[in-house]
Structures are given as structure tokens and as C-alpha cells.
Amino acid sequence: MKILVCISHVPDTTSKINFTDNNTQFDTNGVQFVINPNDEFGLTRAMWFKEKQGATLHVVNVGGPETEPTLRKALAIGADEAIRVNATPTDGFFVAKQLAAVMQEGGYDLVIAGRESIDYNGGMVPGMLASITGANFVNTCISLEVDGNNAKAIREIDGGKETLSTTLPLVIGGQKGLVEESDLRIPNMRGIMQARQKPLKVVEAADAENTTQITGYEKPAPKGAVKMVDADNVEELINLLHNEAKVI
Amino acid sequence: MPVLVYTESEQGKFKKIALEATSYAKGVADMLGTTVTAVSINGGDASELGTYGASKVLQVSDSKLEQFNAKAYADAIAQAAQNESAKVVIISSSANAKFLAPLLAVQLNASYAPNVVALPEGTSPFVVKSNVFTNKAFAKAELKSDTKLIGLSKNAYGLKENPTTAATEDFSPSLSDADFSVKVESVDKVTGKATIADAEIVVSGGRGLKGPENWGMIEELAEVLGAATACSKPVSDMGWRPHGEHVGQTGKPVASNLYIAIGISGAIQHLAGISSSKVKVVINNDPEAPFFKAADYGIVGDAFEVVPKLIEKLKEFKANNA
Chain P
1 MKILVCISHV PDTTSKINFT DNNTQFDTNG VQFVINPNDE FGLTRAMWFK EKQGATLHVV
61 NVGGPETEPT LRKALAIGAD EAIRVNATPT DGFFVAKQLA AVMQEGGYDL VIAGRESIDY
121 NGGMVPGMLA SITGANFVNT CISLEVDGNN AKAIREIDGG KETLSTTLPL VIGGQKGLVE
181 ESDLRIPNMR GIMQARQKPL KVVEAADAEN TTQITGYEKP APKGAVKMVD ADNVEELINL
241 LHNEAKVI
Chain G
1 MPVLVYTESE QGKFKKIALE ATSYAKGVAD MLGTTVTAVS INGGDASELG TYGASKVLQV
61 SDSKLEQFNA KAYADAIAQA AQNESAKVVI ISSSANAKFL APLLAVQLNA SYAPNVVALP
121 EGTSPFVVKS NVFTNKAFAK AELKSDTKLI GLSKNAYGLK ENPTTAATED FSPSLSDADF
181 SVKVESVDKV TGKATIADAE IVVSGGRGLK GPENWGMIEE LAEVLGAATA CSKPVSDMGW
241 RPHGEHVGQT GKPVASNLYI AIGISGAIQH LAGISSSKVK VVINNDPEAP FFKAADYGIV
301 GDAFEVVPKL IEKLKEFKAN NA
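These protein sequence lines are chains P and G, in that order. So the first sequence is numbered by my numbering: it starts at 1 and just counts up by one. So the second sequence is numbered by my numbering: it starts at 1 and just counts up by one.
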């Protein structure tokens, strides 16, 4: 089985979000970039397929040279090979078309992506990739087993979960549950050393147009001060929620 | 060329998010000088959609679509859009809508904007405002393709009545076996309990509750309020509560009317995930907890004393206001 894991290069979850150039550019100053958490759960599940089922594991990112340390980290965790599509990822449809070219070129059976990246929260690339390539698709995937050409997946739905069966080729949008937080791997020194020798291929972008164009950013309006209620006076809280906030 | 809205239903009744999406579609249609057509799959009473501005309802009744199937549903909605020559399609932000949206966008060759929070700023160019960076910012984006697909954030636009007579029409999309290549084997869903996605009120517990055995009062408070229960990331990581309850940046987003956080300090990732909720209440024994800066109402106190009192007083309140 050939697996491709899509890796988004995103600001760490603790990052302060600011903008420059008259609020048209994300300010990367002082921001630490990491593997998108949803992708990291997928990468860790992919390592299981590699180790237990002998799968080949490649990782891919659509981005500039600045994303290579993130790809190297994925190699240090255990991926065999990395591919960087040299393009600026500003539109989900564009990114999906790039990944589709990589998926078709490499003949991958299974593509594991995150349910969404924690920067733009688009949640569209995995589904678009599946739709463009004709692969099957399961979103918000919290469990995945593959047996030959057959796959069994569990997806999170509003208020529960759903068990699905399908066949390869398959694209999933994964999240926590694919593996547990405690299963995540921190690259060790041996992995980091090996990662330096592993191939990181840079490919040029396929021909595609952006379907959306971000014209600017805004920060939410500052919030008013909290209204404190005495712990001995919970009636007052009920009164405020009923008469002032009108939510109960 | 009407605006098309996909209106989700559950057990034959339209969901509130479907009515909100219809309200929004009417707003967009007014900007474009056109009307709203809804497409409903094994859905509820079409006149309810008329109340919120739909003047036509395409009703799909197909036993093969009894269970949600992203590919088949996307195909059905795409065919409805083509049937109506709709160039703007509105969907909600439910898990199912987000599942089918990218498939629909590819099929319609549409620009897709998820997590949209307001009516377009203009329709030429067509610019929408969306939540990004897990609610820490908004982005304005121009949708450049001829066809536009908009995913509306929950609770962002609200319900707006626009009484219209909705004409109904049966619609039978042609579906192939390929549409069902992902099969639903079983569904495990708690019925009769509010879900984080749909609930108006969410009651959430954190590490301050000390252990899973203390969740009884969280559940009781939720029951009194008709609320869904949720938890912070550490609580789900320690296995005190199921993953499905984890809310925050890497868990579920919460966009309820009221969010009550008990024993949750308010890590930046948690606050980001719940910030679309309209009113936030925090109960915590640490007055320095960061959550107090993000909340509307706060109580400094021991949850084990405050919550039982709150439950008791809420029961009295409910009895008097029933």
C-alpha cells in the first residue's frame, strides 16, 4: 500500500494572530510553525500502517521553501520520502489540484489529510482532492482499518459516530481519534539524523487558478469586561442570563 | 437564477440551521434581486421554509437517501443547482454539510467559502467574510468563479422571517452506484440528548472537576437547561470524557447562545474554539484564570458548592417560568 500524508505548515496553536501590510498579510513575525495537529494524528496512524502492514509512506506539502523544516520533521517521525509542491497555498481548490497531480503521479492508494488546517479552517482540500481524482472520501475520520483493497472507517457525526465501509483509493480527512494524543511521536535523534538523508523532492506547481482571493483580514472587536457575580448569589446569575443576556 | 439553499432535516423535521441558512439565502437573494429555491432531501414541511423566505422547494424523496451519504447528497444538490441554473448555493456548517461541501464545489466548479459569518459585502465583486484562525480573526475573500458555494457559520446570521408562499416541486436526481461507493454500515448516535452542534446551551467541564466521577452535576445542570455537555482537551486526553465532547481548537467548535465553563482555566486554544458562542459564563475557584477575561459573566468559587446551588435555583426558575 502506498500512503500519502498531506502536511499543512501552520502556526502553533498558542500563536498570537496579527496582520501586516494594512491587514492584508498574516504576520509571521515570532510565530512558530508546526505540523497541523489534525495531520499529525494522520501521520501517526500512517506510521502504524507502515510498521504493521509494510506500507510505503510519503508526505506532501504545498508551500514555499520555508515549509521544509516541517516536512523534515515528518521525515524524522518516520515518513520515507517528502514532496514539496513549490507554490503559495492561498486557495483550497488550487491546493487540491496540486495534490491531485501528486496523487495521480505517485499512484497512491490512501491519502490521509487532516479534517482542516488550524489556520484557515477551510476543511475543503481533502474532499476536493477525492472528488477531482475520483477516490472515495471519508471526512472527520476517527478510526481507519485497511485490509487489502477494503477500508473500514469511523467518522464523527454531530452527536455520535458512523461506521463506513469503502474501497481504495481513498482520501480521508482525519482528526484526533485516528490515534490518541499519547500516541504522537516526538522525533528522536536517530530519526532526525536519518531525515537529513531522506529524499525531499521539490516539484513545480501544476497549472491551476485560484478560485478565491483574500482581500483583507480583521480582528474581532475587543470584548467588554466580565461581570462578576458573588458565589453566594447564584440567583443573580440566573437573573442576568434571563433578563440581560436573554439566553435562558 | 435563484439562490439555492440546501435545507437539512432530521427525522422529517427541518433543523434550525436549515432555517437559518434559508434566512441567509433570502438576504443574498435580495441583494441579487432574485428568489430562493430550497432543496430538501426526505425533508420536513415545506411551508416552514416559506416562512423564512423560500419561494420554491425542490423535494427529493428517495429511500436510498434515507441515510446521509456525502457523495450522493452532493450529487443531488449539484443536480438541483443545475436544474435551477443557480449560481449561488448556500449550505450550513454541520458535520454533514462540511463533508459534502468540497465534493459539491468540485462538481459545480464553484468557489467555496466555509465558515461565513455575514451577508456578502458586495456581489460584484462577490466578497464574503469568514472566520479564520479558529475565530481569532476574520478574512474577507472574493469568490471569483462563476458559481459560488457558501457555508454559513452556525448562529452567525440568525433566523429572519420573510413570509413567502413556497411552491413545492418533486425533484428526482439521477444517482448512480458510484454515488454510494462509501457505505454506511452502522450509526451510533445518542438520541433525545442535545448535541454540541445543535444545542442552544452547552455546559462544559474541565480539570477543575478533579475526576470523571464528578460529572454527575455537569450532566444534571445540562439536563435542567436542555443543554449539551462538553469538556476541555485535558479531560478528553485523560479519558475522563469521550473525544466527541472535546471542544476547542483541535476539538469541536462551539457556537451556542450560552456556554457555561466549569473548572476550565481558559487556555488560548479552548477560548478560540468556543469564542463564537454568544454569551459565556465561567465558574472557577482561581480568580486569575484566563477565562475570566474572555467571559461575559463570572463566579469565583468552588464548583462543588456553586454548581449544586445553581442547579437548585435553576430548577426553581424553570418551575416559575414554565
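For the record, the hints were derived by calculation from the structure and aren't laboratory data. Hints may be right or wrong, so weigh each one.
Each computed SDA-like pair below joins lysine to any residue, with the alpha-carbon atoms no more than 25 Å apart [what the hints assert, rightly or not]:
| hint | chain 1 | residue 1 | chain 2 | residue 2 |
| --- | --- | --- | --- | --- |
| 1 | P | 16 | G | 321 |
| 2 | G | 313 | P | 16 |
| 3 | G | 16 | G | 321 |
Going by beta-carbon spacing under 8 Å, a handful of chain P positions derived as facing chain G [to be verified]:
| hint | residue |
| --- | --- |
| 4 | 109 |
| 5 | 120 |
| 6 | 131 |
| 7 | 184 |
| 8 | 188 |
| 9 | 189 |
Glycine included, every Cβ here is placed at the ideal spot set by N, Cα and C.
Numbers of the earlier hints that this structure fails to satisfy, in rising order: Numbers 1, 2, 4, 7, 8 and 9 - these are the hints that the structure violates, sorted from lowest upward.
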